[in-house]
Amino acid sequence: MPSADKEEFLREVLSHIRFSLDREDIRYELESHILDKKDDYIAEGYDPKEAEQMAVADMGDPVEIGVELNKQHNPIIGWLWMITNAMVVLFVVWHIFVLGSQLLRLLFQENLLNDIPKENIVYQIDVDEKVKIDDTVIHFTHVVYEKNGDLNIFFKHYDTRLWGTGWSLAGIGTIEDNLGNEYFEGGSYASGGIISNCRRIVRNFSEEADMLIISYDYYNRKYRVEIPLKAGDTHDQDK
Amino acid sequence: MTRTNKIIRNAIFLVVLFLLFMWRSGLYFTPLSAHESSERSIHYGPSEVVHVEDFDKGKYILCRYDRWISCNTVNRALFFLWRFGNQPTGFEYDATKPIDYTWGSSYQYYKLYGIINDNRVEKIEITLGNGTVLAQTEFYDGLFLFTWKAEDNDDDFFFKGIRAFDSEGKIIFQEEK
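Chains as they are written, first to last, in this note's numbering: chain R, 15 to 253; chain E, 85 to 261.
Zero decoy hints are in this set.
Just so you have them, the derived chain R footprint on chain E, three or more residues with Cβ under 8 Å:
#1 91-97
#2 107-116
#3 122-134
#4 147-155
Cβ-to-Cβ under 8 Å is the rule here; a few derived chain E residues that face chain R:
#5 87
#6 88
#7 104
Which residues of chain R face chain E? A partial, calculated answer using Cβ under 8 Å:
#8 91
#9 92
#10 95
#11 112
#12 184
Rather than coming from a laboratory, the hints here were simulated on the basis of the structure.
Keep in mind that this is a model prediction, so the values were computed, not measured.
A virtual CB, placed ideally from N, CA and C, is assigned to each residue, including glycine.
From just these sequences and the hints, can you work out the full model?
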């Protein structure tokens, strides 16, 4: 059974501590001191009850101790500390989630080339053309021509500002061939993320064309990429 | 480490983490920095800001860039920050018309803006579907901007027509939609 003296002492000290979240820790620390001293007195031959009373008396005036501890455990500082701790944890969790998910997406990006069955490919060309508009780099990597007349342009794009945010790439420009045809029909796919893997599908691309021309000319930004194609009589699959 | 020191350490962490959060969330301290970043990321501009106008959600920023006129929107976010709105790119104006303009809306927020090519134009009036007439006689370095808010998504608030007048009230330009 707890001693009334000890409990009274602790109650009196804690009644002066305004930052309630620290009371339990203070109680634990003071109680440990009292019990240590009590053990010392018992070792010296005092009976437990007397030893505890002496240990409590050794602690001093509970009011003085309470007032002094309250100064050290200022509630404003205490709450500020707790709130800023919680905010740091929340922000760190948010960053881990957002940046982590982007890094994972970057590491495990699918290869869009695999979406085209090999038996459908007439020819595949590896390209290494880079263009830059403002902070965006567009890297053309492959061109694949399919038996159904679809020309697939594979490219990646990324922002040169580290993980910059902004509008997504609206388009790579107009698609033409060396025969003067301009192509509008088709579709596109973009994986998104730090480096976005993209595929632009151009429908009914001329079999006879031997040059793909991608040109961008909007709002005083210009580029022109010319990619030689394997056209003519030898439409063999490029292995 | 005392609690005060821990609070200082936390405050430094929070500043760095908050800046990272802003950066990843497309948030900016000022409307103009959001506008400039918006333009650059969509590969437009940098345009010259001619006029800034408040609306419920943020600001309209009327701009001129080479052959284009734009009215970008930036929205208020998290009480004191700013983020992209919509329509950062402009329309290429026809200098042969007395005035050239475009209009659009985002939810119930409408805007019509354009350029005055004929320096006789002293007043521009627009008419909405419900007959409301909005007029402007003060222009912004040769540009004009009308903004209005529909009470609901009613067609009554669509733009119906525009007229430009000279100093004697004679119509110089008129167009109905």
